[in-house]
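Novice: Once you have looked at the hints, place chain B on chain A.
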Amino acid sequence: MNEQPVQWVEVGRVSDIPVRGARRVVRGETVIALFRTASDRVHALEDRCPHKGGPLSQGIVHGDCVTCPLHNWVIGLADGRALGADEGAVRHYPTRIDDGLIRLAVPDPS
Amino acid sequence: MQLPDTPPGADASARSDVQRLIIIGNGMAPGRMLETLFELVQDGAPVRWSVTIFNAEPRVNYNRLMLSPVLTGEKRYEDIVTHDDAWYEANQVTLHKGLAIASIDRQARSVTDAEGGTHGYDALVIATGSTPNRLPLPGADLDGVLVYRDLDDVQRMLDASGDCGNAVVIGGGLLGLEAADGLNAQRMRVTVLHHGAILMDRQLDAPAGHLLQQAIESRGITVLTERVTVELLGENGRVTGVELSDGTVIPADLVVMAVGIRPATAVAAKAGLAINRGILVDDGMATSDPHIFAIGECVEHREICYGLVAPLYEMANVLATRLAGGQANYAGSMTSAKLKVNGVDLFSAGDFADGPGREEIVLRDASAGVYRRLVLEDDRIVGIVMIGDTTDGNWFYDKLKREESVEDGRETLIFGQAFEGGGDADPTAAVAALPPEAEICGCNGVCKGRIVDTIQRRELTSLEEVRAHTKASSSCGTCTGLVEQVMALTLGDRFERSAVTPVCPCTPLGHDDVRRLIRTRSLRSIPELMQALEWNSSCGCAKCRPALNYYLVCEWPEDYSDDYQSRFINERAHANIQKDGTYSVVPRMWGGMTSSQELRAIADVVDKFAIPSVKCTGGQRIDLLGVKKDDLPLVWHDLGKAGFVSGHAYAKGLRTVKTCVGTDWCRFGTQDSTGLGIQLERYLWGSWTPAKVKLAVSGCPRNCSEATCKDIGVLCVDSGYDIVFAGAAGLDIRGTEPLTHVATETAVIEHTAALMQAYREQGHYLERIYKWAARVGHDTVRAQVVDDADNRAALKARFDRSQKVAQVDPWAARAVQGEQRHEFEALATLPRQHAEPRRTGGVPA
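If you're matching them up, the sequences are chains A and B in order.
All residue numbers for the first sequence refer to this note's numbering, where the first residue is 240 and numbers rise by one.
All residue numbers for the second sequence refer to this note's numbering, where the first residue is 29 and numbers rise by one.
Bound conformation, chain A alone (with noise of 0.2 Å):
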């Protein structure tokens, strides 16, 4: 288990967020994109594929994956990592939803 501080932030409802699609979340330089899978779960990862950093939150969502829209790599949504054939991994950022609201865990600066 990493032990580095996070800082949990409230960042919109499940409800915005489409049905196997995804919304950006913008954090100084870094995106995040979130995504909601079609059993209702929601997923963080950075908006980088690890391949040449397409906007993975651009892709289509299947399953627990997303398919990069640049060149088609899969990412798996739980953890970040590239399935198949491919390999390299993206960050995978922990989510919380209490009530239909989404909180992202996010690197505590302090």
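Hints are computed from structural coordinates only; laboratory data are not their basis.
A couple of the hints might just be wrong.
Unchecked claim - To spell it out: a stretch of chain B is covered by chain A in this simulated footprint if at least three of its residues, at any positions, have a beta carbon under 8 Å from a beta carbon of chain A; those stretches are: (1) 226-236; (2) 375-384; (3) 570-579; (4) 584-594; (5) 603-614.
As the list claims (entries may be wrong) - Capping the alpha-carbon separation at 30 Å, the derived lysine-lysine pairs in DSSO-like fashion look like this: (6) B:Lys824 <-> B:Lys799; (7) B:Lys571 <-> A:Lys291; (8) A:Lys291 <-> B:Lys824.
Using N, Cα and C, we set each Cβ at its ideal position, and we do this for glycine too.
Specialist: Below, chain B without anything else, positioned relative to chain A:
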């Protein structure tokens, strides 16, 4: 919280006097608890209790699970009574009906009832159950707004339904659907509003939710998902309607809120017992006071509050054993839900969300309305969803609970117990096990024996031959997989598997099969299609979903509701994604013509949004590259003001019609090629096609607009127009094939429309015109579009019908009307140092 060494009854067991047990609440949990307790006492348990029950409801104990049949009229109250007055008498239980407990005095070990009476106890059981949630909406206190919890609520609903008006049920969970079914049976017009996309989303996944919704709608109940209620409207203190966040108002004489329950903890909280969401209990069902116990929906055990009956009974048995002086511990319950809603059998258990390392096995039987999905992790079942046929639910559930490895026999696991131990994990085992009289092809009534017999007698080796001789798999085609398995079983190595390339790994069906079945079986949505065609994944993949979305758009232009999440990003964002995540924007310039006013507007947009690159495309358009996604609607807004619409440079659809200047300027021009190109573009724009379509019109055979390498080209000559098609100038280089020669512009447009529509209807998704034409044959295309005038007219009519709804500028819809705003706006922008109260903790791995 500490478990007492012995329950309070036990230390008294040495004495022979009777202990006083008071129970607050008379629902199913205490009812079962008392039954068990009395049985134990009869069997010689050492502790004796005199029992007093305070029930806030004015009646005996009844089976709450049976409220729905009372609402539908299938049962009466008397039918659902668990314990009648005689039972209480026989067991010497004092039941106070309609008398609530106001307070507990833990020091004195006594309770005070609502009428002021005080009653001492040696042990107290709190079984106050749960309270239905009420949405805090304006108008929630109007008459006619109910919850669905007890017999009084049912009676109120029955009273209100007498005049057969409109009912709205808020909440598409189990309780809401049961209420809707009941009110529908009472002949009310019922609408169910559900905030999520999937009905019963706590128990079902999307495909199962879809089937359930179909079943419910087939009963005449309206189901609206992803709707948020904002206000309940009323007149003279009585509800008249429900207003949704999108402004819709649904008339309602009765509103039922079925939006979940919460543990009823008021009396426990007032007594100072430890409470979180529910009353906290230990494994012995004791609260933070060792003389006070709690069971049922009001408790929280190991951070879980239960709302299903099985855990409540388990708690009841543990407490009864303890009160009888025995030892028992409650370790929490694994819950499964086996439900019957609207005559549809449902079973769900475990966790069936997708996840890393998880795999799914899906079985669908379209004709029987069956969907089964098992979610596996490390060769163990972790989740089960079944709808339509739940016979194997408990068999799967048993494996789930025992964490049994299903590695052996995994290939046939999904078929259930009947195929258990199918030997060597052979995927054909299930078919092998079928008796000869088992029907394989439902459409043509062909059984397995007849297929095997025909194959052997006529020495057939291919699917086509089997289709020809037996008719199996020759109609709807959904049994093709089964027929192939029968062939594999019968022929072994001699079986020539059919050459049809499946759409994707989710199905054995090819594109043509899928398109044909959409038409013949009138499939209108992706979930409906996946069920009817027995997709072997729950929700499809990134390959099949865009194809299916296009096929449905093409087949049902007026009715189909486009699934944007099944489109590639370019068609969702109506711009072309670039390598750095920015977009390029190409405004439409009809026939490649533009003007100073248009160019000025483009220049202004480039300056205003600091667009880094401006380039001319090969299709005679101007491409603005490097636009930030958030700016897209603003860019479109400004372009729209200058009269531009989308250039669809991103679409699997009509892209551009390239022209030369023709008779307007060119000394060789034979016809008005520019004018014809503009006409064609204005006629064809907005149409979706299997892959992109580019046209060109050249004013003479010198062919300056390069019409002879386009998908469709027109070459103007003195005598009229040569129409050519199926060229390519990309990965493949290919000159066009002649289609026909016509004399008038009208004829050009008619033939082009017919050709477009034939391609739209027959092309495989992502297949360009030249590949489609090569596959079906150029002569076949000419025969459909040129030789058969009636067919040409019919194709054009279908194209025109589709264009009526397709020619809506997507940029204006997004920039001006604000459609799909979520696509372009970030969900949130966080400062790097967030101002909120911080929480520090480990990041979960």
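Novice: Hint by hint, say whether it matches the structure.
Specialist: Checked hints:
no., hint, result
1, 226-236, "holds (count 4)"
2, 375-384, "holds (count 5)"
3, 570-579, "holds (count 3)"
4, 584-594, "holds (count 3)"
5, 603-614, "holds (count 4)"
6, B:Lys824 <-> B:Lys799, "holds, 22 Å"
7, B:Lys571 <-> A:Lys291, "holds, 21 Å"
8, A:Lys291 <-> B:Lys824, "violated, 44 Å"
Going through the hint list in order, the structure does not satisfy hint 8, though it satisfies all others.
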